[in-house]
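Asker: For reference, the chains in residue letters:
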Amino acid sequence: MVCFICERRCHMEEGSIGECHRYECREGAIHERFAHTYLVTAPISAETMPVLHFHPRAKFLQISTTGCNFDCDGCISTVVAKEMDTDSKALHVLSPEQIVQKAQSLNCTGIAFLMNDPLASFFTFLEVCKLAKQAGLVTGCSSNGYFTLKTLDMLIPYLDFINIGLKGLSNAIYRSCHANSYKPVLRNIEYLVQKGVHVEVACIHKKGNESEVVAIAEHLATLSKSIPLQLMRFIPIDDAALEDEPSIQESETLYQTLKSRLDYVYLFNSPGSECIHTYCPACGALVFERDFYGPMGSKLRRIHHFKDGRCTKCAHTLAITGAPSQNVFDEEGFEGGYPMTRALEIVEGTLVALGVDNQHDVTRCWEELLADNGLKKLHVDIQNFDDYAATILFLARIVGKEENADALIAYMRNKIDTIVDALKEVTQRPRVYYVMGKPLFALEDTRLENQLVELVGGMSLNKTLVLDGRPGRKITREELLKLNPDVIFISSFLDSPLEAFYDACREEQIDVEAIKQHRVYTHPYPCFDFGSPRWILGLMYIADMLHPEIFHFDIHHEATLFYKQFYRQTFEASMLNRSFAKPSRAHRLNRL
Amino acid sequence: MEFNHSFWDTMAERYPHYDDPAMQKDVQRVLAWAKSQGLDFNGRSLLDIGCGTGTVSIPLALEKARVTAIDLSRGMLDALKSDAEALKLRAYLTSYQSDWESFPLTQTFDIVLASMTPAISQESHIDKMLSATHAMGLYVGWGRYKTNAFLEALMQAHDAPEKMSGGCIKVADFMHYLDTKELTYSYEFFTTAWEETYTYDEAKTYAAEQLARKNLSPDERKVDAIIRDFMHEETVKIETQAEKGMVLFSKYPSSCPKHI
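Protein sequence lines, in the order shown, are assigned to chains A and B. Okay, so the first sequence: first residue is 573 according to the working numbering, each after it adds one. Okay, so the second sequence: first residue is 545 according to the working numbering, each after it adds one.
No lab work stands behind these hints: they were computed from the structure. Please note that the accuracy of each hint is not assured.
[Claimed, not checked] Pairs of lysine-lysine residues, derived as DSS-like cross-links and limited to a Cα-Cα distance of at most 30 Å, are as follows:
1. A:Lys885 - A:Lys831
2. B:Lys632 - A:Lys987
3. A:Lys1088 - B:Lys795
4. B:Lys632 - A:Lys996
5. B:Lys725 - A:Lys779
6. A:Lys831 - A:Lys767
All chains, full assembly: derive it from the sequences and hints.
Answerer: This is the structure:
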């Protein structure tokens, strides 16, 4: 028979399973193989999911299972969608009743299926939605939108909102994800809009796909100009090429074009950008002010010109469903949305440096952490060396790599000691401001990067701020002027070219000492200051820049040695991307 | 990239150092001219692209410029490092092994410098050079001619395609590119000459290396005949006469060397 769950429409013989491995054909019917089996059931705020025009700031219960009906390169959810074992002890079986009870006990407005696709667990999601409606909760999901009309018709009566990730307008893109065509997704968007489901659409901005994104906006405009379009600036992880990542400024340019087609466009993955705010399409007034809040996430910070669904400046009716929640809910650490996948990547990246070469061992460690609420502790422990060393040892013991762990810790400690020793005579501590993306997005005070600055004899100005963001928070121009840093470091977590940074400072008239003295630095290689043991190389680089009279680490040379010793491979700068897990885009774990 | 690092590692073994008299003469001329244009190196951050053995980097570090020197060849950098150690210049000089295209630009410099280097061989390399500075740049390249009778004979004998420069962009072309960017600059040409003395075997190796740069294999018979033509009392003397040019440019039309 033909599977009717998604438009891949796999042919399945009796007793066989479909291409996604999530469904089987038994007694002439399609059955879900891992029903009611969750990896995540945790609270999340609307903007972190992200859904921006539906119950702003409301708290939802995020539910995520594992697997996906697609298989895309460079998937941000790769650890959940592709790499987690289906019989992992990190998974929990919960009945629909238990899910609804959990949502109610946490005072959630609704339940949202996120991170992996509900099409990987369709019947589970449908049952939850039905029960949630009875309990007065709203329901929604993020999806690639590859529903058949049959599954869509089954779901729509119980579905309030959906965020559809539209990959492009070519069959080739969908074929690269092992699907067939983009047309079912467009059909479904139109159908969902017609049926009154709140629809937001997300698409990726990769370098070179600008005209396709504009075409998407033009298509959506034919349905309704008020469909919010979420523009996801591409973060190259997994096996994706770094060259595909546009700079924030390039994405902002595209955003401006899209704004001429649609009323509501949002730029994600761009810390410090003002293109994540909601502006009134009639008068341009600032309505909702948001911050970057981790990959694919945002946080509603302030409500400006908004009352009862209207712009208070011009009375224009805004396409916002539901009143903003009065209560502010902040996720902790890696909780809620995609930061969790990055946390699992951090674990994988550490294990790879210990010589782990198979997926099974990596998954075992994930399970240990996930089963024991260990991600919360991990988020704290990776921010300083001693706790990080303990984490390395903890992981090493699970997989029997204690000797390699000792070697890695000894290497890191030796480098730190060398640096600290050389700093004994230093009396001048440069005042350092650590930023991610644009000039005003300050990295949170507790982050590792700020500890690195202090380790090499700098004074972290971020530590004087109370930021309480993820991974930081936008400060005001006045605050930055008051800080007046001698040196600015730009995080290597995402692309932020120097020239664009200086241009932004000129535009905003940020004439602090670091700008005047041209002491703004980016890192030589991506993700060298957070997320994997490679931060030790970032530490050496920061030392070079803060104290050029003392330190002369040749980072390329140091990286070559590091890669040889700990990854047992050649360091090729051109093969790096923003992955925490993989030391090179070509790196693959063995699947036993 | 036009040349691989092993070629330059081989070259490094006998490439002149900062204190080679002929080299020193040219470098001092360039630096004196740059200073006459108002450029002060003291305390400035400076990036030397394709630094080689440090023929310019070391004199600049001696003038207390904070030099970041990059070169493709580990052999060249080892020579630079050893001279820098001997002169106690470590505090002023940091070196990285990298080609210019893939060198990660993590900061901007007061001055960007490229002198007689094939690292600057196409327009995108100039673009990156412009990105590397927030103020000034100094380029030194070949002028209108370069004659080396030995090399000319060698190349003619092997039917090599004609090409005057050693891969770097000629000064006139460099200035033309700056014109298209509407950048201001000053320039000057000067003549130079130097002589290298080889044994017969060294000359043979030198000939093979130069042919390899053009992907040619030596014809042993022809090479032998040419070397013998240039031999005087058991040594081979090879003289090069050339015109070099230097260009000092401002990143921004309004800035002038005295105000970086």
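Asker: Do the alpha carbons of A:Lys831 and A:Lys767 lie within 30 Å of each other, as the hint requires?
Answerer: holds (26 Å)
Asker: Within a Cα-Cα threshold of 30 Å, do B:Lys632 and A:Lys987 meet the stated pairing?
Answerer: holds (23 Å)
Asker: Is it true that the CA of B:Lys632 sits at most 30 Å from the CA of A:Lys996?
Answerer: holds (20 Å)
Asker: Below or equal to 30 Å on CA atoms is what counts here, so check A:Lys885 against A:Lys831.
Answerer: Holds: A:Lys885 and A:Lys831 sit about 20 Å apart, inside 30 Å.
Asker: Taking only the CA atoms, is the gap from A:Lys1088 to B:Lys795 under or equal to 30 Å?
Answerer: holds (16 Å)
Asker: Given the hinted pair B:Lys725 and A:Lys779, is their alpha-carbon gap at most 30 Å?
Answerer: Answer holds: B:Lys725 to A:Lys779 is near 25 Å, not above 30 Å.
In the structure shown, no violation is registered for any of the earlier numbered hints.
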